[in-house]
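Given chain A, work out where chain W should sit, using these hints.
If you read the sequences in order, they're chains A and W. Residue numbering for the first sequence follows numbering that gives the first Met the number 0, starting at 0 and increasing by one per position. Residue numbering for the second sequence follows numbering that gives the first Met the number 0, starting at 0 and increasing by one per position.
FYI, nobody ran anything at the bench for these hints, they're computed from the structure. Hints are supplied without guarantee of correctness; some may be wrong.
Coverage of chain W stretches by chain A, computed from C-beta distances (three or more under 8 Å per stretch; other residues unrestricted) [as the list claims (entries may be wrong)]:
#	region
1	199-206
2	276-284
3	337-349
By construction, the Cβ of each residue, glycine as well, lies at the ideal position given by its N, Cα and C atoms.
There are 2 protein chains.
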Amino acid sequence: MKAEVVSIGSELSSGVRLDTNGQWLAAQLAQIGVDVIYHSTVADDLPANLDVFRHAQSRADLVLVTGGLGPTKDDLTREVLAEVAGVPLEFHEPSLQWIESIFKMFNRPMPERNRVQAMFPVGSEVITNPNGTAPGIWLMAGNACFVCLPGVPREMKPMFTDWVVPRLRQEFSLGEVIVHRTIRCFGAGESQIEEMLGDLTKRGRQPEVGITASEATISLRVTAKGANPEQAQQLIEPDARFIYEKLGELIFGEDDVELHHAVAKALIKKNVTISTAESCTGGMLGQMLTDTPGISQVYLGGYVTYSNDLKINLLGVPADILSRHGAVSEECAAAMAKNCRERTGSDLAVSITGIAGPDGGTPEKPVGLVYVGLASSSEVKVRNFKWGNDRKSTRVRAAKMALNLVRLQLLRQDC
Amino acid sequence: MKAEVVSIGSELSSGVRLDTNGQWLAAQLAQIGVDVIYHSTVADDLPANLDVFRHAQSRADLVLVTGGLGPTKDDLTREVLAEVAGVPLEFHEPSLQWIESIFKMFNRPMPERNRVQAMFPVGSEVITNPNGTAPGIWLMAGNACFVCLPGVPREMKPMFTDWVVPRLRQEFSLGEVIVHRTIRCFGAGESQIEEMLGDLTKRGRQPEVGITASEATISLRVTAKGANPEQAQQLIEPDARFIYEKLGELIFGEDDVELHHAVAKALIKKNVTISTAESCTGGMLGQMLTDTPGISQVYLGGYVTYSNDLKINLLGVPADILSRHGAVSEECAAAMAKNCRERTGSDLAVSITGIAGPDGGTPEKPVGLVYVGLASSSEVKVRNFKWGNDRKSTRVRAAKMALNLVRLQLLRQDC
Chain A
0 MKAEVVSIGS
10 ELSSGVRLDT
20 NGQWLAAQLA
30 QIGVDVIYHS
40 TVADDLPANL
50 DVFRHAQSRA
60 DLVLVTGGLG
70 PTKDDLTREV
80 LAEVAGVPLE
90 FHEPSLQWIE
100 SIFKMFNRPM
110 PERNRVQAMF
120 PVGSEVITNP
130 NGTAPGIWLM
140 AGNACFVCLP
150 GVPREMKPMF
160 TDWVVPRLRQ
170 EFSLGEVIVH
180 RTIRCFGAGE
190 SQIEEMLGDL
200 TKRGRQPEVG
210 ITASEATISL
220 RVTAKGANPE
230 QAQQLIEPDA
240 RFIYEKLGEL
250 IFGEDDVELH
260 HAVAKALIKK
270 NVTISTAESC
280 TGGMLGQMLT
290 DTPGISQVYL
300 GGYVTYSNDL
310 KINLLGVPAD
320 ILSRHGAVSE
330 ECAAAMAKNC
340 RERTGSDLAV
350 SITGIAGPDG
360 GTPEKPVGLV
370 YVGLASSSEV
380 KVRNFKWGND
390 RKSTRVRAAK
400 MALNLVRLQL
410 LRQDC
Chain W
0 MKAEVVSIGS
10 ELSSGVRLDT
20 NGQWLAAQLA
30 QIGVDVIYHS
40 TVADDLPANL
50 DVFRHAQSRA
60 DLVLVTGGLG
70 PTKDDLTREV
80 LAEVAGVPLE
90 FHEPSLQWIE
100 SIFKMFNRPM
110 PERNRVQAMF
120 PVGSEVITNP
130 NGTAPGIWLM
140 AGNACFVCLP
150 GVPREMKPMF
160 TDWVVPRLRQ
170 EFSLGEVIVH
180 RTIRCFGAGE
190 SQIEEMLGDL
200 TKRGRQPEVG
210 ITASEATISL
220 RVTAKGANPE
230 QAQQLIEPDA
240 RFIYEKLGEL
250 IFGEDDVELH
260 HAVAKALIKK
270 NVTISTAESC
280 TGGMLGQMLT
290 DTPGISQVYL
300 GGYVTYSNDL
310 KINLLGVPAD
320 ILSRHGAVSE
330 ECAAAMAKNC
340 RERTGSDLAV
350 SITGIAGPDG
360 GTPEKPVGLV
370 YVGLASSSEV
380 KVRNFKWGND
390 RKSTRVRAAK
400 MALNLVRLQL
410 LRQDC
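Just chain A, with the same shape it has in the complex (with noise of 0.2 Å):
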């Protein structure tokens, strides 16, 4: 089954707003086995849109309209509809009721104009809409399925996946479905994480795995097709176990869970407390791991020593450390977690130091340089790590570096 998706709308074609909706419903419709081939944008216009209505029906087995259902002259989709399906428009009593009540729910009158919204090309099915004015259609026009969905993405997702899913699977026999499932690691490099998989991402290999990486965040995507999702799961389960098996300890969690989220929920479920001492960061470790509710049962807070006599003042460190050994040193990251862990009275405490550029790199310290440390009842650990150039980069990848070091530390229960 071939399908086209057409959004609608001059905000799109004009580059003011990005189309987001093509994007979505193509993913959405993969998975039920429909290969989207084309999309269309076009602008508020009605030969135009004549003209992309007709092209897609004759090429595509369905189409997926988003947009142009609303009250305005803009509005032109139910129009063109009823022109390429070669039927006159008629009024549905059900859908101005519906819209009516929408309008009385906020206490305003119904304006004349909305009355449009319930009229629909012969031998239309409506599409309920339950968040909005605009009722969907589903007509046959020709030998293409025309499926027309409003353009606000709050009110067509839930249309597409209650209505539009279920109807095209009891009218279609659709293709394979494909499901993902991805594995998320961190503490290893792509082509390291790469190399522990062997030929498990190799191009052309089934189940698909991919992997992607983002400021040091490495994800691997397992690719699957099946005669329903149980199956294609299925499919994935032996890759997924291998590479659990091979990257243990690398591997946070699945799927849209980040670093900082599986770490404070981690600290939350072992009830340990925890502090933080940041420089070239400057709140930011601090900044994520209160992005979790409920992490105020754990997060103490602590000290933001951005320049050298915060470091010294608030946090006691030695300005001999300074001195000797420079504030971006393993001695002054060893410090700062060690003070901050007793000052706070926290199970533990993580500090961050580095050169996060552009400025204040040398041949021996240069910019992207970054000490970690990390202070426990038994124990002060130090990692340090050199990454590129970027400051907003060095910056993120300091802090996921400093909560890796927390989310190890957990593991091994030794806090």
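Just chain W now, with coordinates in the frame of chain A:
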């Protein structure tokens, strides 16, 4: 002049990747007076590509294609364009030399398959690609002018701006140019600002003035058309002046300047040192300030006092204030700012304490309530705000409110 933008690639049509080239090109073309009526996206499939190119040729004067210029079998643009233009492909020696020189730069031999990137439909002009191996193509085919560029945005954008735009201007008499100017404000709501500006944001007015809000930052976008950029700029001028007169201190910058960058730059320029004491934002304010390179000159650091214990023990907030007024109170915000300034020795200190949610709210102190304090040599100011229930949004807005207090203080030169 009617234009169509065509994006090529199965990763786009299948929804694996979001196409942003189409929007970017449409917005750029609008600025030089070219209306984009259609966008098409098509999979890496020969008949489908031929269909899209032929249909674009029939309905558009200018067809801007991105993608399909790589060295692999999937890359069909050269072949399809030749077929649609009814001409054979021919070899272009200078392009081969360019491709070879790029491989030489990376000390790698050129794979044989890259030779195909030096093939062009007869009659083409070659668009050089300073950032990659895929040259672009300019070719009249029938009544349509085809411009083919690589899909990688980093390569495509400079080719479009530096080669295609001047060439389009030279070849065609284009419509009026469109120029935007965005004035950015903080400290009043969208509707309040709209009211202050009277009829300025009315629909249909020329120049058009659009108003948008993003996490309490309000942007006013003035758009004008003119025969050339200078003329359009001049049309914008009186409106911009009016906006500055009416909004005064609410304005912090123009175009893509963020509030935290504006504040960081003002601190550096005036050489005013600052420290931070954060509770519910957990370090976000420090992180935002330290996003700007060179901030180490004025940002000293400070405290993240997420728990009440640390507010007392690290920052010296009297336990009495916490028991009588609570951590989310004017008194606590004032003590945090005052003590932070004293302990760090900064010129200014700014504090944040609030209830980010989703839990922790009470009828008197609901989720979304935030107090922001500012201590200077002469006084301590506190402001409070009640945002909605969204944790992320409350935290970002709280940090922005604190930054804005600093901005206004700097305007008054009273540090």
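If you count the residues of the region 337-349 of chain W with a beta-carbon closer than 8 Å to a beta-carbon of chain A, do you get 3 or more? Satisfied; 3 residues make the cut.
Checking C-beta pairs, does the region 199-206 of chain W have three or more residues closer than 8 Å to chain A? Check failed, 0 qualifying residues.
Count the residues of the region 276-284 of chain W whose Cβ falls closer than 8 Å to any Cβ of chain A, and tell me whether that reaches three. holds (count 8)
Checked against the numbered hints given earlier, this structure breaks only hint 1.
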